[in-house]
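Please model the entire structure based on the sequences and the hints provided.
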Amino acid sequence: MREIAAPIISEQVAKLCIDANYYLGEDVLTALKEGLAREESPTGRAILEQIIENAGIAKEGEFPMCQDTGFAVFFVELGQEVVVTGKTLEEAITEGVRKGYGEGYLRKSIVSDPLQRVNTKDNTPPVIWIETRPGKELKITIAPKGGGSENMSEVAMLTPSDGAEGVKNFVVDKVRRAGSNPCPPIVVGVGIGGTFEKVAWLAKKSLLRPVGDRNPDPFYAAMELELLERINKLGIGPQGLGGRTTALDVHVEVFPCHIASLPAAVNIQCHAARHKSVVI
Amino acid sequence: MAEAIRISTPLTDEVVKKLHAGDSVLITGIIYTGRDAAHKRMVELLDKGEPLPVDLAGHLIYYVGPSPARPGKPIGSAGPTTSGRMNAYAPRLLAIGSKGMIGKGEMNAKVAEALQKNCGVYLVSVGGAAALIAKSIKANENVAWPELGAEAIAKLTVVDFPAIVAQDCHGGNIYQEGIARYGIK
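Which chain is which? The protein sequence lines are A and B, in order.
Just so you know, the first sequence maps onto residues 2 to 281 in our numbering.
Just so you know, the second sequence maps onto residues -4 to 180 in our numbering.
These are calculated hints, taken from the structure and not from any lab test.
Some hints here could point you the wrong way.
[Unchecked claim] For lysine-lysine, the following DSSO-like pairs were computed, each having C-alpha atoms within a straight-line distance of at most 27 Å:
{"id": "1", "chain 1": "A", "residue 1": "Lys88", "chain 2": "A", "residue 2": "Lys109"}
{"id": "2", "chain 1": "A", "residue 1": "Lys34", "chain 2": "B", "residue 2": "Lys180"}
{"id": "3", "chain 1": "B", "residue 1": "Lys68", "chain 2": "A", "residue 2": "Lys100"}
{"id": "4", "chain 1": "A", "residue 1": "Lys122", "chain 2": "B", "residue 2": "Lys35"}
{"id": "5", "chain 1": "A", "residue 1": "Lys169", "chain 2": "B", "residue 2": "Lys180"}
[Stated by the list, open to error] Short, incomplete list of chain A residues facing chain B, as computed with Cβ under 7 Å:
{"id": "6", "residue": "Pro65"}
{"id": "7", "residue": "Cys184"}
{"id": "8", "residue": "Gln240"}
Glycine included, each C-beta is placed from N, C-alpha and C at the ideal position.
Structure, rendered in C-alpha cells:
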C-alpha cells in the first residue's frame, strides 16, 4: 500500500485548476493555427487571430483565457494500492478546487441548487469521475467546462437500425443546431453505446484526448475524420460568423451496448479546450 | 478584414444606421454590463413602471460575467456570454432607448425586429478572447445590485473595445449570410 496525504492532493489540484485556465494546450494552438492557414473567411481569420493572441495574453498569468473558468470536472485514475489519508479523495479534490479558484482569480460559476440558484462562492462542488487502475499511482485530470458549450450538448437514444449513418446525422445536426452558441471553433466529443448515462460520460471523456489524436480503431478513426469534414462544410465558421473552421476535431469513444439500444451523445467543447493532468 | 469603424457611446441613430452586419468596430466610451439575473430584475422594474438603476438611453449593454479582478486591475477576463438567453429581455430595453447589445451567438427574430423598429445594433465580441478584451477595459464601477457578484450591473470605461456587427438595424444578419456564403451542400 502507498499512502498519499489529502493536503498533497489538494495542493496539486489547486495548481491544476490554475494551469488549465491560463495555459492553452499546444495541441489546440496548433489546430487553431492550421485553421487560420486554411480559413477562407476574412472575418473568420480575424477571429482566429484574436483567439491565438488571447492565448498568448493568458499565458502571462494575469487573465484566464476565458472569463468562464468552468465547472471543475475531474477524471481520476486511482491506483488500487493507493490509500488517501486525512480525507476522502473527493474531499481532497474539492478542497483543491476551493483553493485554486480563489488563488487563481478564477470565476465562481456554481450555484448550490439548480432552481434556487445561490452561488457557492468557491466554485465547489466539482464533478469527479473515478476509475481504478492497477498500481500505486494517482492520476488526476481536470477539464474545466464552460456553460455555453455544455448547454449545446445532447443525448439521443437511437435504435440499432439507425446504424452508423443515424449516429453521424445526429452529430452533424446537433452541431448545426448549436450554431454560433458554443463558441466555435469547437471540439466535438461523441459517445456511442453503453447506457443513457454512460454514453454522456463517454462523450465528455473523449474531449480529454489531444486535438489531432485519432481513435485507435480504424473504423472509428475514419468516422471521426468523416464527421470533421461534414461539420466543416456547414459553413458555421469561427464564432458562427461564417467560414470553414467550425470544428478543430471530432473524438469518438465507444462502449458495448444492449441488443435493443444505440445510445449516442454529443458533448461540445469550445475552443478553450482546457485539460491538464498530474500524476502523484 | 476591412478597417474597423471607430464608434463612441452614447450612440445616435445616425451612427447606428451606418453600421452593417459584418463591419468591424472599435468602441470607446461607457458600456454597461448585464446578464441573466440583472436583466430579470430590470424587466421586473419596467413591468412595475419603476425606473431602472441606470439610464440606458443611447447605451450598449454588454452580456458579460467577468472573472475576479486582480489587485490594481479594473477587471478580470471579460469575454461575452451567450446572448440567446437574453432574447426575451432585449426588446424591452431597446424600446426604452438602449441602442443595442454586445454578446455572442445569434439573437432571435423578435430581437431582430426590435433592432429595426428602435434603430439598434447587435454587436458580438469573440467568445473566449476574454483576456484580450479585458485589455480594452480601463475602468469598472459597480452601479447596481452588487449582491449579484459577477452578474451585477457595472459601468465599464472602454477604449477601442473590439466587436463585429452581427445583426443591424436594416435587418442584416451575419450568421445567416455567413452560412449561406460558406456552407457546402
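Hint by hint, here is what the structure shows:
1. A:Lys88 <-> A:Lys109: The hint holds at about 24 Å.
2. A:Lys34 <-> B:Lys180: 26 Å, holds
3. B:Lys68 <-> A:Lys100: 21 Å, holds
4. A:Lys122 <-> B:Lys35: 21 Å, holds
5. A:Lys169 <-> B:Lys180: 16 Å, holds
6. Pro65: 5 Å, holds
7. Cys184: Nearest chain B Cβ about 4 Å off; hint holds.
8. Gln240: 6 Å, holds
Checked against the numbered hints given earlier, this structure breaks none of them.
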